[in-house]
Amino acid sequence: MLSIQDIHTYYGDSYILQGVSLELTPGQVVALLGRNGVGKTTLARSIMGLTPARRGRILFKQIDITNLPAHRIARLGIGLVPQGRQIFRSLSVQEHLDVMARGQGRWSLDAIMELFPNLRARWRSLAGKLSGGEQQMLAAARALVGNPALLVMDEPTEGLAPLMIRELGRTIEVLKQTGTSILLIEQQLAFALRYADMVFIMSKGRIVHQCSPADLASDALTKSRYLGV
Amino acid sequence: MTFWLIQALNGISYGMLLFLLASGLSLIFGVMKILNLTHGSFYLLGGYFGLVVLQETGSFILAVLGASLAIALIGIVIERFFLRRFHLQQLPQVLVTFGFLFIFSDIATVIWGANPQTMPRPELFAGSLQFAGFYYPTYRLFIIGFGLCVAAFLWWLQDGTRVGAMLRASVDNEEIARALGINVSLLFTLVFGLGAFLAALGGVMGGPILGVYPGADFEVLLLGFVVVIIGGLGSLKGALFGGLVVGLLDNFGKVFFPELALFTIFAPMALILAIRPAGLFGRE
Numbered sequence: 271m272l273s274i275q276d277i278h279t280y281y282g283d284s285y286i287l288q289g290v291s292l293e294l295t296p297g298q299v300v301a302l303l304g305r306n307g308v309g310k311t312t313l314a315r316s317i318m319g320l321t322p323a324r325r326g327r328i329l330f331k332q333i334d335i336t337n338l339p340a341h342r343i344a345r346l347g348i349g350l351v352p353q354g355r356q357i358f359r360s361l362s363v364q365e366h367l368d369v370m371a372r373g374q375g376r377w378s379l380d381a382i383m384e385l386f387p388n389l390r391a392r393w394r395s396l397a398g399k400l401s402g403g404e405q406q407m408l409a410a411a412r413a414l415v416g417n418p419a420l421l422v423m424d425e426p427t428e429g430l431a432p433l434m435i436r437e438l439g440r441t442i443e444v445l446k447q448t449g450t451s452i453l454l455i456e457q458q459l460a461f462a463l464r465y466a467d468m469v470f471i472m473s474k475g476r477i478v479h480q481c482s483p484a485d486l487a488s489d490a491l492t493k494s495r496y497l498g499v
Numbered sequence: 002m003t004f005w006l007i008q009a010l011n012g013i014s015y016g017m018l019l020f021l022l023a024s025g026l027s028l029i030f031g032v033m034k035i036l037n038l039t040h041g042s043f044y045l046l047g048g049y050f051g052l053v054v055l056q057e058t059g060s061f062i063l064a065v066l067g068a069s070l071a072i073a074l075i076g077i078v079i080e081r082f083f084l085r086r087f088h089l090q091q092l093p094q095v096l097v098t099f100g101f102l103f104i105f106s107d108i109a110t111v112i113w114g115a116n117p118q119t120m121p122r123p124e125l126f127a128g129s130l131q132f133a134g135f136y137y138p139t140y141r142l143f144i145i146g147f148g149l150c151v152a153a154f155l156w157w158l159q160d161g162t163r164v165g166a167m168l169r170a171s172v173d174n175e176e177i178a179r180a181l182g183i184n185v186s187l188l189f190t191l192v193f194g195l196g197a198f199l200a201a202l203g204g205v206m207g208g209p210i211l212g213v214y215p216g217a218d219f220e221v222l223l224l225g226f227v228v229v230i231i232g233g234l235g236s237l238k239g240a241l242f243g244g245l246v247v248g249l250l251d252n253f254g255k256v257f258f259p260e261l262a263l264f265t266i267f268a269p270m271a272l273i274l275a276i277r278p279a280g281l282f283g284r285e
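Residue numbers (this note's numbering), protein chains in the order written: chain E, 271 to 499; chain L, 2 to 285.
It is worth saying that the hints were derived from the structure and are not from the lab.
Don't take each hint at face value.
[Unchecked claim] One side only, chain E facing chain L, incomplete, derived with CB under 8 Å: (1) H341; (2) A344; (3) L350; (4) Q353; (5) F358; (6) R359; (7) E365; (8) D368; (9) V369; (10) R372; (11) R495.
Glycine included, every Cβ here is placed at the ideal spot set by N, Cα and C.
Take the sequences, apply the hints, and build the full model.
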């Protein structure tokens, strides 16, 4: 599905990703953990083609996407739920979904409405006027109408009330059942452990640890060393 | 009374031409953040191309369409091969578009000479219309109607179509738009082409009343900037409103204070810059 092979990514002169490798199989939920500033979002940006890796390569469904333009990567079937939601303020909920709808698949507009009933009620509202939780739902819905095979979610729980976090968890479970792969970048350890099949931990631009959620839950040393908990 | 009405109509029709010019300028800036100084050239070359097509075919419609499409193509080439390299780098962009303004100005003088040329009005609108006891040229009325149609079309394009929604998404957040599958690069090229098309449209449509002459490129560019400064850069509403304001100010200024013609335009502009730097309809 997704195979990241020893990528090195820079922002100008700063060397951010210093040889990251990661494998994700179809239908798998992989959690990527680590402190702030270790390069998690940069990894998401490299996958999406927003900050392409300078060395190494990224394969998606056997296709080398390392240097493809971002919109081509998205159209191959990778959906992004960006950090901080970043919805389009001047588009209505309806326009978000109309513009992003792509491909045949499970996620028709009706299916999306069923998954996020709140959005149906705000159908004509400008996205800038939605609450934080509704914006997060919209950010997820906007990625799903593209019928992606892989969803990259960058800190989706950030700034959400507990009730909305539970709602988000329910969404991830539905996605899991439908066979969508998810790369879940998270700060909230408990949330990541509940939904992930496999956990990767990043530190200073490298993957430093890889294990099952159960192993990490009982590994106090790794948790305190890399996650500060 | 008749005097006021005629002068107002003159101002409004001129304002519509300025709107055609400024809408493209504003659209290009709003979407791509490029201050396109070559816009004056698009207007002037549009006029000259229109003259050529008119002389060859005798058809005003062909002149309007042919010239505008040709200029749109030139705009697309400039965007793809020159401006594309300087995405979001304002100084290089200004230098490139400024350079093209001079290059096209010289090329036009070499080809068409230094003498002003006049463009005949299309036959259908060559006459005058009589109403309320005075005559008014139908061609100017046609320009007003045409300008309103273009405004309505642009509105629909921006707010009522899928492409318009993609454009607004790209303006709101270009990176995320790309990461979600929108071909922003293609959209930019189309927007630049459309902007050039609109400027050329102004050049051909304005030919029969303003003439086509060397220096018109710099003249209308300056006025175009006044329009978008008053209306707000990036706003369609602003381009229409600003165009009408500048058209009327220019016309009445020339009638009442011919010796202060520039002052009547630039003083209100300076005032608006001081009170509302983003323009009347601009986003901060």
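Here is how each hint holds up against the structure:
1. Interface hint status for E:H341: upheld, as the beta-carbon distance to the closest one in chain L is roughly 5 Å, under 8 Å.
2. Look at E:A344: its Cβ gets to within about 4 Å of chain L, closer than 8 Å, so that hint holds up.
3. Given hint, E:L350 at the interface with chain L, holds; its Cβ is 5 Å from that chain's nearest Cβ, closer than 8 Å.
4. At about 10 Å, the closest approach between the beta carbon of E:Q353 and any beta carbon in chain L exceeds 8 Å, and the interface hint on this residue is violated.
5. Look at E:F358: its Cβ gets to within about 4 Å of chain L, closer than 8 Å, so that hint holds up.
6. About 5 Å separates the beta-carbon of E:R359 from the nearest beta-carbon of chain L, less than 8 Å, and the hint is met.
7. The interface hint given for E:E365 holds, since its Cβ lies 4 Å from the closest Cβ of chain L, which is under the 8 Å cut-off.
8. The restraint placing E:D368 at the interface with chain L holds, with a minimum CB-CB distance near 6 Å, inside the 8 Å limit.
9. Given the 8 Å rule on beta carbons, the hint for E:V369 holds: about 5 Å separates it from the nearest Cβ of chain L.
10. Annotation: interface hint on E:R372 holds; nearest CB of chain L at approximately 6 Å, less than 8 Å.
11. Restraint check, E:R495 versus chain L: the minimum CB separation of about 32 Å is more than 8 Å; hint violated.
Consistency note: the structure conflicts with the earlier hints numbered 4 and 11.
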